[in-house]
Amino acid sequence: MTQKITAHDVNVFYGEKQAIRQVSIDIDQEDVTAFIGPSGCGKSTFLRTLNRMNDTVASARVEGDIRLDGEDIYSKDMDVVQLRARVGMVFQKPNPFPKSIYENVAYGPRIHGLASGKSEMDAIVEQSLTRAGLWAEVKDRLSDSGTALSGGQQQRLCIARAIAVDPEVILMDEPCSALDPIATARIEELIHDLRGRYAIVIVTHNMQQAARVSQKTAFFHLGELVEYGDTNDIFTNPREPRTTDYITGRYG
Amino acid sequence: MSLGALFFVVAALGLIAWFVARARAVAFRTGRRERFSALPGHHGAFVALWTMLPPLIFLAIWWFTSPALVTDAVIGTAAAANLPPPGFERAAILSEARNLSRGEAFGAFHDLSELLAPAYAAAQSRYDWIATALAALLAFAGFAFAYARVRPTFAARSQVERIVMVLLLLASLIAILTTVGIVASLVFESARFFSIVPVTDFLFGTHWSPQVIDPRDPGASLGAVPLFWGTFFIGAVIAMAVAIPFGLMSAIYLTQYARPSTRRWMKPVLEVLAGVPTVVYGYFAALTVAPAVRDFAVSIGVSWASSESALAAGLVMGVMIIPFVSSMADDSLAAVPNSMRDGSLAMGATPSETIRKVLVPAALPGIVGGVLLAVSRAIGETMIVVMAASGVAQLTLNPFASTTTVTKQIVDLLTGEAEFDSAKTLAAFALGLTLFVVTLLLNIFALIVVKRYREAYD
Ligand SMILES: Nc1ncnc2c1ncn2[C@@H]1O[C@H](COP(=O)(O)OP(=O)(O)OP(=O)(O)O)[C@@H](O)[C@H]1O
Ligand SMILES: [Mg+2]
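First to last, the sequence lines map onto chains A and B. The first sequence begins at 6 in my numbering and counts up by one. The second sequence begins at 0 in my numbering and counts up by one.
Hints were generated in silico from the structure; no laboratory data involved. A few of these clues could be false.
[To be verified] In the DSS-like style, the derived pairs of lysine-lysine whose C-alpha atoms are separated by at most 30 Å in a straight line are:
hint	chain 1	residue 1	chain 2	residue 2
1	B	Lys-356	B	Lys-266
2	A	Lys-81	A	Lys-104
3	A	Lys-104	B	Lys-450
4	B	Lys-356	A	Lys-123
5	A	Lys-98	B	Lys-423
6	B	Lys-266	B	Lys-450
7	B	Lys-450	B	Lys-356
8	A	Lys-98	B	Lys-356
9	B	Lys-356	A	Lys-144
10	A	Lys-98	A	Lys-144
11	A	Lys-81	A	Lys-144
12	B	Lys-356	A	Lys-81
13	A	Lys-22	A	Lys-98
14	A	Lys-123	A	Lys-104
15	A	Lys-104	B	Lys-423
16	A	Lys-81	A	Lys-22
Take these sequences, add in the hints, and give me the full structure.
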């Protein structure tokens, strides 16, 4: 098994307040990794250290060692623009740009100069939308606004947008929490299909979802990584009492 | 009694009514713990309002109508038989007589007005008595009507609420009615103008020289196109060339780059710029910028640069409008959800790419709306152009040449000799009406644009 991301002794502070304590974790290339844990335990914070989105929060400070394919992503030589092109992100609330569906998907390839002509761009857009399972629904209305789609379609558009720059890792922060069960099922299917091509990390509050889509699960509590292992083990045979309490619904 | 005194009397009656009604309502409360729908104060307020409002409304109407009644009464007297026929002289005599009767003038210019003054005084006092009696009657009627209603079960609280609502409605209607009145007078005077000068001459004529009007063809020298052009050139082209880039960039800096501590002092400072009286900008334009612009023009070899150039007025006007554009752009940029910005940054876009490709396009309708509002302000702006622009109307694209604007011409036409039925002065109203219509349309259009945009993120 190849390790795509390795994090070692990571601490994150918001001003004086510590949100992540001494977290070490290895993310596999071929697996879907789920982050679970009660609200406020730092799942989003840790996820955002992996593509340096914490840089956009003025008060945030990250310590520790995080490597993507062995490269220190917080080193001075790391180009954040390149990093974020390699580590894509899908947010909790679908956030398509107020542009056409086509332009939403073409946005990333355009700023990174991935297509050298209209036909290449068309191909990227079609391929990304196909992989995101949206092509059939939107192929006749590519010039409609992305914001005119349903919530579930918007989220798949955001996934297509992330896929379009051909990332190596996709981070998803509760991608289904704003969606109904049918749209959720479609996204889960999609995650299943994307597995292997991209390393995927997904934050979720839904235990069944974590059990369904992931191979590895990490349980966070109060900024610490309590337990990390095969999803099967975590759900059927947790080692830590806190994990047991959480997955059996005793708190959180 | 005079109207002023009557007003105080009515207020005093209201106060008394308040106490009386309140006392009666207090008497209901016999000590048992009972719930009333209104407190004694509400009963008091209800009765006081009913006591004061009818006479006050009457007095307000009376204030407008009684002078005419008094004058009619004076004209009806025997002494008035010698008055000249209706016209300027007759009006002068009557107004002199009125002033004499009030002791506001000493010694009369016309003999007749001295004769009429006693008649004036008599009529005035007779009508004052009528007003006093009617006001008192109305006050008592209102009081009686309301006082009879003061019972434990009476919902005085909600009645007071309703009266307050009506009063607030009236207050807002006054603002609207004033606007309607202003527009009506503009339309009326403009109609007189257009009965002398054909609309087409005014709207499409390219020659403007109101100083020399040929009485047989006044339209020939009252073509307003050079003014429209000058206004557009200074307000919408030169001023916006300054205000749009600087306003937009400062809004981008403030919303996207500035640290909160910087933003805290910088935004208020920018807004202070909007509070500087325009006449101060006018000085600045006339005394500092205009000479500098002319010297610059001469130094780059423009042969006939005016010291009252369109450029000087437009530049200063643009600076004046910067805070306006900036705050509108700031609002619409801030209204773009943060998730847009994060989405773009997470794609690997740099902050400036994010601003150019996502934030500004998303905020564009709001920004465009703000710019349109700014244009409508700029073309209505008067002081700067009065002080810094010339009165020479010409159709030119040369920013160093002198140009004039609609507002500047309105001021020129109405100051100095004021004879309110010549084509020259009436032209000011036609210009005002045109300006009003244009800014109104701009504002409506801008608000529609802004509104449509707001709906997109709700
Ligand atoms: N921008 C911020 N500034 C200051 N504190 C923050 C900020 N963002 C998060 N925090 C704090 O860091 C801690 C972890 O927050 P985080 O959003 O990572 O939790 P989470 O596990 O994702 O919760 P949820 O499940 O509710 O999304 C919380 O205590 C939160 O209050
Ligand atoms: Mg979160």
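Going down the list of hints, with the structure as the test:
1. At roughly 25 Å between alpha-carbon atoms, Lys-356/B and Lys-266/B fall within 30 Å of each other, so this suggested pair holds.
2. A hinted pair counts as satisfied when its Cα atoms are at most 30 Å apart, and Lys-81/A with Lys-104/A does not qualify at roughly 34 Å.
3. In summary, the hint linking Lys-104/A to Lys-450/B is supported, as the alpha carbons are separated by about 19 Å, within the 30 Å threshold.
4. A C-alpha spacing of about 19 Å is found between Lys-356/B and Lys-123/A, which places the hinted pair at or below 30 Å, so the restraint holds.
5. The straight-line distance between the Cα atoms of Lys-98/A and Lys-423/B is roughly 64 Å, outside the 30 Å bound, and the hint therefore fails.
6. Under the criterion of a C-alpha separation no larger than 30 Å, the hint pairing Lys-266/B with Lys-450/B is consistent with the structure, at around 24 Å.
7. Of the pairs offered as hints, the one joining Lys-450/B and Lys-356/B holds, with about 22 Å between alpha carbons and a cut-off of 30 Å not exceeded.
8. Distance check on the hinted pair: Lys-98/A and Lys-356/B sit about 21 Å apart at the alpha-carbon level, within 30 Å; holds.
9. At roughly 24 Å between alpha-carbon atoms, Lys-356/B and Lys-144/A fall within 30 Å of each other, so this suggested pair holds.
10. Taking the CA atoms of Lys-98/A and Lys-144/A, the gap is about 23 Å. The hint holds against a cut of 30 Å.
11. Restraint check: the Cα-Cα separation between Lys-81/A and Lys-144/A comes to about 42 Å, which exceeds 30 Å; the hinted pair is violated.
12. Annotation: proposed proximity of Lys-356/B to Lys-81/A holds, straight-line Cα distance about 27 Å (limit 30 Å).
13. As the CA atoms of Lys-22/A and Lys-98/A are separated by approximately 26 Å, the hinted pair is consistent with the 30 Å bound.
14. The straight-line distance between the Cα atoms of Lys-123/A and Lys-104/A is roughly 18 Å, inside the 30 Å bound, and the hint therefore holds.
15. The hinted pair formed by Lys-104/A and Lys-423/B fails the criterion: a straight-line CA distance of about 54 Å is larger than 30 Å.
16. At roughly 25 Å between alpha-carbon atoms, Lys-81/A and Lys-22/A fall within 30 Å of each other, so this suggested pair holds.
Hint compliance for this structure: hints 2, 5, 11 and 15 are not met, and every other hint is.
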